[in-house]
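Sequence order for the protein chains is A and B. So the first sequence is numbered by the numbering used here: it starts at 2 and just counts up by one. So the second sequence is numbered by the numbering used here: it starts at 47 and just counts up by one.
Just so you know, the hints here were simulated from the structure itself, not pulled from any lab data. Note that the structure is predicted; figures quoted are calculated from it, not measured. Hints may contain errors.
Unchecked claim - Each computed EDC-like pair below joins lysine to aspartate or glutamate, with the alpha-carbon atoms no more than 20 Å apart:
{"id": "1", "chain 1": "B", "residue 1": "76", "chain 2": "B", "residue 2": "156"}
{"id": "2", "chain 1": "A", "residue 1": "217", "chain 2": "B", "residue 2": "441"}
{"id": "3", "chain 1": "B", "residue 1": "374", "chain 2": "A", "residue 2": "319"}
{"id": "4", "chain 1": "A", "residue 1": "217", "chain 2": "B", "residue 2": "433"}
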Amino acid sequence: MDFEVSEFQSDLADGIRRLCEGRFPLESIRSRESTAHTVDRDGWKELGDAGVFHLCLAEEAGGVGLGLAEASLVFEELGRSLVPGPLVASHLAAGLVDGADDGSVVVGLVERPAGGAPGADVLPIVIEHLADLDVLLVLSDEGIGRLDPGSLDATPLPRPMDPLTPVWSVASLPTAEPVAGPEVAAWWRRDGAVLTAALQVGMAQWACDLAVEYAKGRVQFGRPIGGFQAVKHLCADMAVRAEVARIAVQAAAVTVDQPDVGDPDVAAAGAKLLADEAAVTNGRSCIQVHGGMGFTWEVPAHLAYKRARVLATTFGTDGALAESLADALAPSTGR
Amino acid sequence: MDLRYSDAEQAFRSSLRAWLDAILPSLPPKPSPDDWPGRRAYDTHWQRLLFDAGYAGVDWPVEGGGRGSSAVEELIFKEELERAHAPYVGVNFVGLLHAGPTIIAEGTPEQRARFLPAILRGDEVWCQGFSEPNAGSDLASMRTRAVRDGDDYVVSGQKIWTSHAEVADHCELLVRTGPEDSRHRGISWLILPMDSPGVDIRPLHTIAGSTEFAELFLDEVRVPVANRVGEENDGWRVTMVTLSFERGTAFVGDLLEAVELLSTTVALARRTGAWDDPGVRRQAGHLKAELDALWALTKRNVSQAARTGIPGVGGTYFKLAYSETRHKLGEFSLSLLDRAGLAAHDLEGTDGLGVLPAGTMVEDWLRGISLTIAAGTSQIQRNIVGERILGLPKEPQAAAGGKV
């Protein structure tokens, strides 16, 4: 048993971090804020060339043949750089949709609400990044279907919560061309939860780092505010929250790769639950540490909070995740 | 990142498990919690059994007489003992985890020969005299005074939180040998025989009703200079050396106990019907996610210690997160007992299905309260994370002197 990140794994993550710092600096990402096209196609291709999308694809299928453990480290870096776009969907689609693996085709994903689910008859279906998508996949318990994004009668929604995640609404989804069955849908949900959780961990860490940097430099009452315990402890809690969530995500990814060490579905649900919470809470704390400036568009503190909210709605929401963990403790029916 | 155990690690686990299966049924019944002589006899008997089987000081280096196991084997050891409900380290805690490792690292050959085998065999019990009524979080401000008089130190002062003092043979004692304001530069580490004239012990009842704590009053107690471990005024560093023996496994038993408490609580919720409430199920599910993550964090910390030999920052993260989770778990289990939790006593359920485990649950809830206080309060831990890990400006007191 050696649960440390290996040198190879940490080099891989460092490489992606450098790529993101060079290719997706915050100023360049923010230049696309509140537009319909926040995916940088050339940058997407570079992510593809770096292996972001075909990392877990078998070598004989043209992939790198690595595990979800490696992918989760890569996705943590993508989250840390706030790279916008359907990263998880395109990664999952590699091998199923031509061109997803090398980043030449941008693939999005939307969940088809199960009949009878709360809100299914009232709430419209909201799709992210529609204008940037070449292919839209539809996920349900029955399997995965494929739609032409241009064929949808979708309404762009003004003032998207995350200025880097434009959204559209449709009343319903047309029948999609089936491309995979229920088994694939089940592992997509699980791996999608882990990779989304990895993005959340990256953002939770980003929010912590930004808050700490600000707390060191901002002087009030003649001292940097980070010297006051009220602020220092807020930052310490952010660091702990990010670290615990990171460990949960890495353990879930390893459990998917090595299923004899535990139940991958349970581990994935736990990781997503803690990572969503870490990203949302750290995003909120980051704003708080920035005070009034945190409430403005001028400083980027709000970006992680908003993106965290977006990601928390995908691949399992808190209530459902907690219920599935409870089911692992004991079935919910009968005494 | 590999969570699979190697063949050698699995072999260690299965032989330990076989030994536990064979030995545990032979143990005498557990003494009552307040019967301290009985508890000493029980815990030291268990230590002797471990010694005879080669499991004493599993985490001690071979040169100290220990087994010299890897950090991963130590994790397996603690995991298997907890799963088998083997006795807790109990009154042997200070000897095995603090005093022994300190003497291994800093003691003279004579001190090692005199004290180490007795700890490993369960012959002698130790207690700790570090904290004082006016030196808690700020330990370096301690004032218990030791004045040199010939071959002895004459020690006067007061210590607190001295667990197991009533049944201890020796106390690892921190005393002020430097000037009053010398803080961490004027402290020495002494071995105090507990039967020395001038030692007065007063038990201190905890909010959980237990009596393992004591106050220690020292009135001109003579301690031989030969009982000093390390140089005079170097006791602070000597104390810190022990911390490097911590390999991320300090809370393994505690954490697995919490996992079991969650199962017990879920079983109670199913019995009462509370489990049909989605709010209750979600709270339980959330606690499971937290406990699973903390178990994974333990494995990360142990892996790190196995490679580098020193614990990383993960231990501080663990303690902060675990103590909060434990509080939540305590509150959760208590809420399910409703008014049956108004006494720390197992009572018969009216459904005819046997007792309700209110005793364990209420006690666990009460004991859990100590976790954000003992071994560095959560507030001190947050200062450590903020200052040492995140690099935020120091507290004024911390800048002026040392702090644990």
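**Study point:** Those earlier numbered hints the structure runs against, lowest number first
**Key:** 1
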